[in-house]
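2 protein chains.
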Amino acid sequence: MRKLFQEDLLNLGDQLADIAVLVAEAMDKAYRSFETADVQLAEEVIAADQRIDAKQVDLDEKAIELLALQGPVAADLRLVVGALRMSTSLERMGDLARHIAQLTRLRYPDTVSPTALVTVYREMAEKCHSIAKKLVELLVTRQLDLVDEIVALNEQIDELHAGVFITIAKPDWDASPASTADATLASRFFERFGDHGVSVAHKVQYLVTGEWETKPTA
Amino acid sequence: MRKLFQEDLLNLGDQLADIAVLVAEAMDKAYRSFETADVQLAEEVIAADQRIDAKQVDLDEKAIELLALQGPVAADLRLVVGALRMSTSLERMGDLARHIAQLTRLRYPDTVSPTALVTVYREMAEKCHSIAKKLVELLVTRQLDLVDEIVALNEQIDELHAGVFITIAKPDWDASPASTADATLASRFFERFGDHGVSVAHKVQYLVTGEWETKPTA
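These protein sequence lines are chains B and C, in that order. First residue of the first sequence? That's 1 in UniProt numbering, and the numbers climb one at a time after it. First residue of the second sequence? That's 1 in UniProt numbering, and the numbers climb one at a time after it.
Because the hints were derived from the structure by calculation, they are not lab data. Predicted model, so just to flag it, every value in this text is computed and none were measured. Accuracy of the hints is not assured; some may be wrong.
Result set (DMTMM-like, lysine to aspartate or glutamate): computed pairs, CA atoms no more than 20 Å apart in a straight line [to be verified]:
| no. | chain 1 | residue 1 | chain 2 | residue 2 |
| --- | --- | --- | --- | --- |
| 1 | B | 29 | B | 123 |
| 2 | B | 134 | B | 14 |
| 3 | B | 170 | C | 110 |
| 4 | C | 170 | B | 174 |
| 5 | C | 170 | B | 110 |
| 6 | B | 170 | C | 174 |
| 7 | B | 29 | B | 191 |
| 8 | B | 133 | B | 28 |
| 9 | B | 134 | B | 155 |
| 10 | C | 62 | B | 76 |
| 11 | C | 134 | C | 155 |
| 12 | B | 62 | C | 76 |
Hey, can you work out the whole structure from these sequences and the hints?
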C-alpha cells in the first residue's frame, strides 16, 4: 500500500507538469495572437482553456481521493495539499492567457497593442512563457535553482508592468482611451501570470526543502 | 473523538466567517478612502490586510492539522478541503480591497476616480461590500438563498464593469491617460472581488447540498 501511495504522489506531480505544459503553450499562442491580431489562434487558446480546467478538476479529484483513501500525514499530506494549491494557480494562469486571447478577439481586426508598447508586451509575454516552461522543468526535475530564475523573471515582468504606466503617463502617449484601457488590462494579465508562477515555484520549493520562502503578496 | 472533530469543523466555519468580516470592513474602508482621497484610511486598510493574511495562515494550519490528526473522509473531507479553498479566495478579496486603497495612496492628494465614474464605482463598491457581508451571513447561517443574492450582485458588478469600458470609449471622455489606466484597474479590482465572492458562495452551497453549481470562469 505504501509503495502505491508514493507512486500516486509522483503521479500528482506529473499531472501538475502536464497542466503547466498546456499553460506554457496557452501563453505562447495567446501572445502570438495578440501581437498579430490572429483571431483564429486566439479562438484556439480560448477553446483550449477548457482542457486546462478539466485537467485541474481531475487532479483535484485525485488528490481528494488520496486524502480519503490513504490519510497521508506529515510531508505527504503537505504534498497533496500543495498539489491542490498549485493546480489552482496553474488553472488561473490558463485563465490569464485566455484573457490575453480574448483581448485579441475583442479588438480584431485591429491589434490590441498601441505601437509604443509592442516590444514591452513581447518581452513580458516571453518572460511569462519562460516562467511556465521553467515550472514544467521544476515540477519534473525539482531542481531548485529554477525557483530563483522564476523569481528573477517575475521581477523583470513587474518592472516592465511599472514601465507601462510610465509610458501611458508620458506627454507623447497618443492611444485612444479605449486602447489605453486595453493596454492596462493586458499588462495586468501578464503581471498576474508571473505572480502565480512564482507562487507555484515557492510551493515546490517548500515541498522539497520543508522551508517556506515568504513572498510579499502582490 | 468524533464529537470533538465536528466541533473542529464548526470552528473552521467560524474562522472563515471571521475573515469574511475583516474582508467586508476592508472593502468598505478602501472604497471610502478611494472616493474621498483619505490617505490615512487607505493606510489603515493596507496595514489591516496583514491581519487577514495571518488569519488565513492560521486557518490553513488548522485545516491541515485536522487532515493529519483526524483523517476525515467523505463530506467531512470535502469540508476541510473546501475551507482551504475558501480561505484562499477570502485572502484574495482582502488583497483586492488593499489594491483599491493603494490606488488612493498612489494618487493622493488627488482622488483616483474621474468624475464620470464616481457613482459607478460607488455602486460597484457597495455591491462588493454587500457580497462580503452576505458571505459572513452565509458562513454563519448556511441560508442558501444568500447564494443567489450574491450571484445576482456579482452580475450587477459585471454589468457596471462592462459599463466602465463603454464610458471610457465615449467621445466626451476627457480623463488623462494615467487616470484612464487607474480607472481600468479599479474597475477590474471590484470585478475580481465579486468573482471571488461568488466562488466562496458556491463552495458553501456545494458543502451544504453536495451538488456543485458550475460557474463559468471569469
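Note to self: Hint compliance check: list the failing hint numbers for this structure, sorted ascending.
What the structure shows: Violated hints: none; all satisfied.
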